[in-house]
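Here the protein sequences line up with chains A and B, keeping their order. Per the working numbering, the first sequence starts with residue 5, numbered consecutively. Per the working numbering, the second sequence starts with residue 2, numbered consecutively.
It should be emphasised that the hints constitute simulated quantities derived from the structure, not laboratory data. From the three backbone atoms N, C-alpha and C, an ideal C-beta is built for every residue, glycine too. Treat the hints with caution; some may be incorrect.
[Said to hold, decoys possible] Pair ranges (Cβ atoms, derived): (1) A/T293 with B/F46: 52 to 60 angstroms; (2) A/R12 with B/T295: 49 to 57 angstroms; (3) B/W42 with A/K95: 54 to 62 angstroms; (4) A/S294 with B/N146: 41 to 49 angstroms; (5) A/L161 with B/D85: 41 to 49 angstroms.
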Amino acid sequence: MLRFVFRRLIAMVLTLWAVSFVAFAIIQLPPGDYLTTYLATLSSNGDRVDPATIEALRQQYGFGEPYIVQYWKWISGILGRGDFGQSFEWKAPVTTLIWGRLGNSILVEGLAVLVMWFIALPIGIYVAVKKYSLGDYLATVAGFIGLAIPNFLLALLLMYLSFVWFGTTIGGLFSSEFENARWSLPRLWDFFSHAWAPILVLATAGTAELIRILRANLLDELKKPYVTTARAKGLPEWKVVLKYPVRVALNPLVSTIGWLLPALVSSSVIVSVVLNLPTAGPLLLRSLTSQDMYLAGAIIMLLGVLTVIGTLISDLLLAWIDPRIRYGSK
Amino acid sequence: MAVDTVVPAGHVAPAKLKRESQLALMWRRFKRHQLAVVSLWIVVFFYLVAAFAEFLAPTDPSAYSARYTYAPPQGLQFIVATEDGGWAFQPHVNGYKTEVDPKAMRRSFVIDPEVIIPVQFFAPSEPYYLAGFIPMSIKFMGVENPRDPFYVLGADRLGRDMLSRLIHGTRISLSIGLAGVTLSLFFGIVIGGFAGYYGGWFDSSVMRVVEFIRSMPTIPLWLGLAAALPKDWSALQTYFAITIILSLIGWTELARVVRGRFLSLRTEDFVTAAQLDGASDWRIVTRHMVPSFTSHIIAAATLAIPGMILAETALSFLGLGLQPPIVSWGTLLQEAQNIRTLATAPWLLAPGVCVVIVILSLNFFGDGLRDAADPHGR
Numbered sequence: 005m006l007r008f009v010f011r012r013l014i015a016m017v018l019t020l021w022a023v024s025f026v027a028f029a030i031i032q033l034p035p036g037d038y039l040t041t042y043l044a045t046l047s048s049n050g051d052r053v054d055p056a057t058i059e060a061l062r063q064q065y066g067f068g069e070p071y072i073v074q075y076w077k078w079i080s081g082i083l084g085r086g087d088f089g090q091s092f093e094w095k096a097p098v099t100t101l102i103w104g105r106l107g108n109s110i111l112v113e114g115l116a117v118l119v120m121w122f123i124a125l126p127i128g129i130y131v132a133v134k135k136y137s138l139g140d141y142l143a144t145v146a147g148f149i150g151l152a153i154p155n156f157l158l159a160l161l162l163m164y165l166s167f168v169w170f171g172t173t174i175g176g177l178f179s180s181e182f183e184n185a186r187w188s189l190p191r192l193w194d195f196f197s198h199a200w201a202p203i204l205v206l207a208t209a210g211t212a213e214l215i216r217i218l219r220a221n222l223l224d225e226l227k228k229p230y231v232t233t234a235r236a237k238g239l240p241e242w243k244v245v246l247k248y249p250v251r252v253a254l255n256p257l258v259s260t261i262g263w264l265l266p267a268l269v270s271s272s273v274i275v276s277v278v279l280n281l282p283t284a285g286p287l288l289l290r291s292l293t294s295q296d297m298y299l300a301g302a303i304i305m306l307l308g309v310l311t312v313i314g315t316l317i318s319d320l321l322l323a324w325i326d327p328r329i330r331y332g333s334k
Numbered sequence: 002m003a004v005d006t007v008v009p010a011g012h013v014a015p016a017k018l019k020r021e022s023q024l025a026l027m028w029r030r031f032k033r034h035q036l037a038v039v040s041l042w043i044v045v046f047f048y049l050v051a052a053f054a055e056f057l058a059p060t061d062p063s064a065y066s067a068r069y070t071y072a073p074p075q076g077l078q079f080i081v082a083t084e085d086g087g088w089a090f091q092p093h094v095n096g097y098k099t100e101v102d103p104k105a106m107r108r109s110f111v112i113d114p115e116v117i118i119p120v121q122f123f124a125p126s127e128p129y130y131l132a133g134f135i136p137m138s139i140k141f142m143g144v145e146n147p148r149d150p151f152y153v154l155g156a157d158r159l160g161r162d163m164l165s166r167l168i169h170g171t172r173i174s175l176s177i178g179l180a181g182v183t184l185s186l187f188f189g190i191v192i193g194g195f196a197g198y199y200g201g202w203f204d205s206s207v208m209r210v211v212e213f214i215r216s217m218p219t220i221p222l223w224l225g226l227a228a229a230l231p232k233d234w235s236a237l238q239t240y241f242a243i244t245i246i247l248s249l250i251g252w253t254e255l256a257r258v259v260r261g262r263f264l265s266l267r268t269e270d271f272v273t274a275a276q277l278d279g280a281s282d283w284r285i286v287t288r289h290m291v292p293s294f295t296s297h298i299i300a301a302a303t304l305a306i307p308g309m310i311l312a313e314t315a316l317s318f319l320g321l322g323l324q325p326p327i328v329s330w331g332t333l334l335q336e337a338q339n340i341r342t343l344a345t346a347p348w349l350l351a352p353g354v355c356v357v358i359v360i361l362s363l364n365f366f367g368d369g370l371r372d373a374a375d376p377h378g379r
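Please take these sequences and the hints and turn them into a complete structure.
Structure (structure tokens):
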């Protein structure tokens, strides 16, 4: 097991390195550099620009130096001092801007994963056991529609329906009075009264996919002789299903986090924009449209890092519940 | 892989030995999947709409009219009541009257059933070019007096006809899906093909790259790349740039499919035979291996189109994909971003309905194709 964890950790470090490289490439993409944009903004506002400041900034970010040197300055700043650079638009260090929002992102996405499993598990087991029943067909149709409706469209639809039916707009994660308050019971309640919509929207596509996978896996398992044996020995039906086949069918489900997570992070960006959530998504969009590249790069990188870590956790979980993986990968 | 029929020596050949081509076998198997057949027709319908956009759209998608901002959908009716109490066949739409909402003190349009505006099919119109080069002066439908309002699906913020915009948007959205998949297919076949054929370090490094790209959240990456497009690029340049951006990430799935196929075919006897015959690698790949899995590739490519369409819609919806003078489903949905607008004009969500229908049909069609791709299986 230790050996397996060690191998996965090395792979993760390599992936993280690749993520940082991609994020930096995106920072570098727009024509011109951050300083020219910055100077243009300053002078258009009529601010006087102190040449010493410019020189200091030039030094700090290594503008005009080769790509690899700039990358080194950027990445060593992050690793050494936790410094992601400066956001132009907000005139503040990137780190002060993103942590709170990233926390909200993790919270919403994590809850979405939980909700996904919570819904998919019982339905998946039900449709596999009652194959070709009315419930099975309903779940299949609902699943296909859930897969075909883009998340942001679902968010728009939910927003429209709640406006028409209840006369309220959904959106945001907190009411204004709880925006900056400390976590407390009322704030938690307030959070859930807002967060159900985005969590539900984010969970739909994943739920549909999970039900499909679980159904297929479980159907394969239910045909196997050991199930017949268990039944012949007189185990109650629920125990026959839950005790062995479900546990086996769950394995591939755990490994789905690997591809589920990138999709979830992706769609949460756009759903957050629609529902105006204080997560990393809208900040990323804003920073990209205003070419605030250090902020954008930091967010892209951190979202990537989150995904990679999430995938690692799912890999480790999988190895933990399935000895074949643990011992097979020596 | 045609079916070989072995006729034993001395046996009198049967009167007629029916042999079916691979394509006929596939079609026969595909037909069994009814949902896929229906989906195929829906997809064909949408692509026809895209092809004949200028002919089908009643008006120019950018023609605006300040008088009819957010005019609700008129719908299309065919029966009118005649004066003597009977009815007659007359395609028409109803006119509008304005009402003032006493609470909000806002002017709003209401359909006026009294006013009947006759609609002509194959109506003469201003001359235009179909697909840019066929001169035409007839449209699928139109009203006799061009000054009459004609908004079957309603009007948007600037009083532009939603139906016409939707039809023109179909062209852009569907073609970007095709173009993106074509490009991805090219990368996927070349990269995945060589990885699968040669194996070894090239294969494992390609697969690491594919895994890496697939483990990244795509929307932030796409957004980052799209944001770097210069703002002063022409519509055509942006269109192609977006296509390239989409396929930069889209090739991975196809490369994986191609590689998998190559790996399983590499050890087949006919490949060994070709190698022993001294055929070059290029010839073996293009003449012997690629034809034997074309159908699988087509199915995989079909299943990749919805992703492309969705990605374009999402990017344009966020304002970082195609830019407004271009009409696509994404740019149309951008208008519907705001809840106030949605509440006044829910018909702005019509492009969303199209997106869902097309995505569903393409998925079913692709599934059916994938099952049919192996007509001898099962």
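Practice task
Taking the numbered hints from earlier one at a time, note which ones the structure violates and give those numbers from smallest to largest.
Solution key: Hints 1, 2 not satisfied by this model.
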